[in-house]
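Enquirer: Read off the chains here:
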Amino acid sequence: MNGRDTLRKMRPVFVFALIGVIFMFTAPYVLQLFTIINLTTAIALAVLALSLALVWGFGGILCFGQVAFFGLGAYAYTIAAINFGGSTWAILVAIMVASAFAALLGYFVFFGRVSDVYLGVITLTVTLIFFSLIRRTSGPEYTIGKALMGGFNGITSPPLNLPWDAGSFLFPEHVFYVAMAALILCYVFCGWLVTTHFGRVCVGIRENELRAELLGYDSRLYKLGIFTISAGIAAIGGVLFCNGVGRITPDVFNLYNAALTIIWVIVGGRGTLIGPIVATFGLFYLTSALGGQSLFNNNLVLGIILIFFVLLVPKGLAPTVTDWFTRRRKPRRAAGRRRRAARRTGATEA
Amino acid sequence: MDLVVAVLFQLVYGIANLALISLGLAIIFGMMRVINLAHGEFLMLGGYTVVVATNAGVNIWVAMLILAPLVVGIIGVIVERLLIRWLYGRMVDTLLATWGLSLLLIGLVTSIFGASTATTISPPLGIIRIGDYSASGYELFLVGVTIALFIAVYATLKLTKLGLVARGTMQNPEMSSALGVSTTRVYMITFGLGAAVTGLAGGLLAPVTGVLPTIGATYIAKAFITVISGGASILAGTASGSVLLGGINGIFSFLTGPTIGEVALLVAAILLLRLMPRGITGRFFRKSL
Chain W
10 MNGRDTLRKM RPVFVFALIG VIFMFTAPYV LQLFTIINLT TAIALAVLAL SLALVWGFGG
70 ILCFGQVAFF GLGAYAYTIA AINFGGSTWA ILVAIMVASA FAALLGYFVF FGRVSDVYLG
130 VITLTVTLIF FSLIRRTSGP EYTIGKALMG GFNGITSPPL NLPWDAGSFL FPEHVFYVAM
190 AALILCYVFC GWLVTTHFGR VCVGIRENEL RAELLGYDSR LYKLGIFTIS AGIAAIGGVL
250 FCNGVGRITP DVFNLYNAAL TIIWVIVGGR GTLIGPIVAT FGLFYLTSAL GGQSLFNNNL
310 VLGIILIFFV LLVPKGLAPT VTDWFTRRRK PRRAAGRRRR AARRTGATEA
Chain C
60 MDLVVAVLFQ LVYGIANLAL ISLGLAIIFG MMRVINLAHG EFLMLGGYTV VVATNAGVNI
120 WVAMLILAPL VVGIIGVIVE RLLIRWLYGR MVDTLLATWG LSLLLIGLVT SIFGASTATT
180 ISPPLGIIRI GDYSASGYEL FLVGVTIALF IAVYATLKLT KLGLVARGTM QNPEMSSALG
240 VSTTRVYMIT FGLGAAVTGL AGGLLAPVTG VLPTIGATYI AKAFITVISG GASILAGTAS
300 GSVLLGGING IFSFLTGPTI GEVALLVAAI LLLRLMPRGI TGRFFRKSL
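Residue numbers (the numbering used here), protein chains in the order written: chain W, 10 to 359; chain C, 60 to 348.
No lab work stands behind these hints, which were simulated from the structure alone. Note that the structure is a prediction, hence the values are computed from the model and not measured. Beta carbons: idealized from backbone N, C-alpha and C, even for Gly. Be aware that a few hints might be false.
Pairwise CB distance ranges (calculated) [what the hints assert, rightly or not]: (1) C:N114 x W:G255: 35 to 43 Å; (2) C:N114 x W:F305: 23 to 31 Å; (3) W:F305 x C:I319: 37 to 45 Å; (4) W:P323 x C:F313: 42 to 50 Å; (5) C:L221 x W:G160: 43 to 51 Å; (6) C:A214 x W:F305: 43 to 51 Å; (7) C:G173 x W:V24: 42 to 50 Å; (8) W:D125 x C:L223: 30 to 38 Å.
Which stretches of chain C does chain W cover? Using the computed rule of at least three CB atoms under 8 Å from a CB of chain W, they are [as the list claims (entries may be wrong)]: (9) 149-162; (10) 322-329.
Go ahead and model the full structure; you've got the sequences and the hints to work with.
Expert: What follows is the structure, encoded as structure tokens:
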């Protein structure tokens, strides 16, 4: 595909990215600091949703344990930042650790040709084992370098600092800029990735794995590739998350958060990138609002949302909305074509 | 010598525990190809049934052995009618819908009973002595119940008409329905029975673990990994998966502590799936139940 074609295909991506940039520069002037700090957390979660949207929506890989890479990234960042005394290399370490773990796990599941449903269950199990493993590290003997694991209470995350200048920490409003910029960059990267040859082969494998293999593509390698990349993106989300919240606890690995990630993508729509991001923001504010009252339990509402979408809106919101628009626009366009055609034929007759 | 017996008993108990929590899941998965992500919550509901019933003055044995499977079995049938039957043949959607159900049940139980532990009940039966060591009599009882449950499921599948019809439906649903079997009813009963076995397991474990709305999460990882490692056959799969993974877990826990034990269990399961993607019974004991 040539450059112009790629740009044309990516036009919607750039439109949404531009909206993001505008939001990024106006929000700190309009919103209060508290809201901005809250937003940073939501942005971190949106990056997580984006990573799952990529691996599930485009790779067709049912990863129920995307939070494992997210949490692993957050833990790796925190531990590395404490040990290095600065965040510059810690971010890189976080991405590397999560991707390396995903590559290792992916090797076993993809090269073992484990089917998609099993894959979901295995990734979920890995997540839950992380949860119980890190929860038990609550003694002074559990340290990695200078970092105390802290078990159930987790670790306080050192804030981000300017590159190669460990003394100058970023303030919460600056972390917001960093988070928003990271989200936009990750979004554009994913949007670009799915237009590349690699991305289109991944979609081909999602649609029909056997056919892709018969055409000569090694589906195991492509799946491993997209799985590893998405784990790296999830780790970026994890780094932002522990900066937004200020600490990282084993709770990131729990079943509730794993379910939440799935719900964002289901609600937003599989096969789109912007849908899950928007759904994350929406549901983040919904669950925050629900946390403020005690009539309806959070789990109850999310369970109902998940069942509702699986049974009645299986495609998710973004594709449903786009379908609706194209269906509305199509008749008008067809009518226009017919009018033009009629005018042409009328002209020849005259 | 006494130490060896005591350690062996712990090992056997660990295996039986794994088999007990996995059997209901294996029945539903083996017969219907449905992975029930609300499995942990069915266990939790069994536990709550026992706690509520004993607090209301019901004999603990009646509550554990009769009420828990009955209540959860009925819930299972309702769930199958309202939710699962729309999604047969769509494994991923079933998985997601049952996950929604899992959240729903956690939320419901939290709203009714609160998020903290409901009044706990202490395990009946005293301790038994093995020389200088002691073991819980209740754990021995659980091992016995697990074995009895396996025999009961085997007998049901092998000797009764329902078992024959169910096995036929499992092998070839179209042919069974052509021969006049109501496959929807078979699925409903199977799901109900699987839920009942799960409820029984949850009820039996309630005195050991206590009950919490979120306790399901502590079971499901182990149950899933056991069933998947075991493969498609219900009894042979669950038994071989439990023996292998429970054995590894027990040995590593004895040597290094419970944390490493669980990690060893998981690593063993992933290595196993690399070698045998269809589980143990995908390669060995293929013809077994």
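Enquirer: All hints, please: hold or fail.
Expert: Hint-by-hint comparison with the structure:
{"no.": "1", "hint": "C:N114 x W:G255: 35 to 43 Å", "in the structure": "holds, 42 Å"}
{"no.": "2", "hint": "C:N114 x W:F305: 23 to 31 Å", "in the structure": "holds, 26 Å"}
{"no.": "3", "hint": "W:F305 x C:I319: 37 to 45 Å", "in the structure": "holds, 40 Å"}
{"no.": "4", "hint": "W:P323 x C:F313: 42 to 50 Å", "in the structure": "holds, 47 Å"}
{"no.": "5", "hint": "C:L221 x W:G160: 43 to 51 Å", "in the structure": "holds, 49 Å"}
{"no.": "6", "hint": "C:A214 x W:F305: 43 to 51 Å", "in the structure": "holds, 45 Å"}
{"no.": "7", "hint": "C:G173 x W:V24: 42 to 50 Å", "in the structure": "holds, 48 Å"}
{"no.": "8", "hint": "W:D125 x C:L223: 30 to 38 Å", "in the structure": "holds, 32 Å"}
{"no.": "9", "hint": "149-162", "in the structure": "holds (count 11)"}
{"no.": "10", "hint": "322-329", "in the structure": "holds (count 4)"}
In terms of the numbered hints stated before, the structure departs from none.
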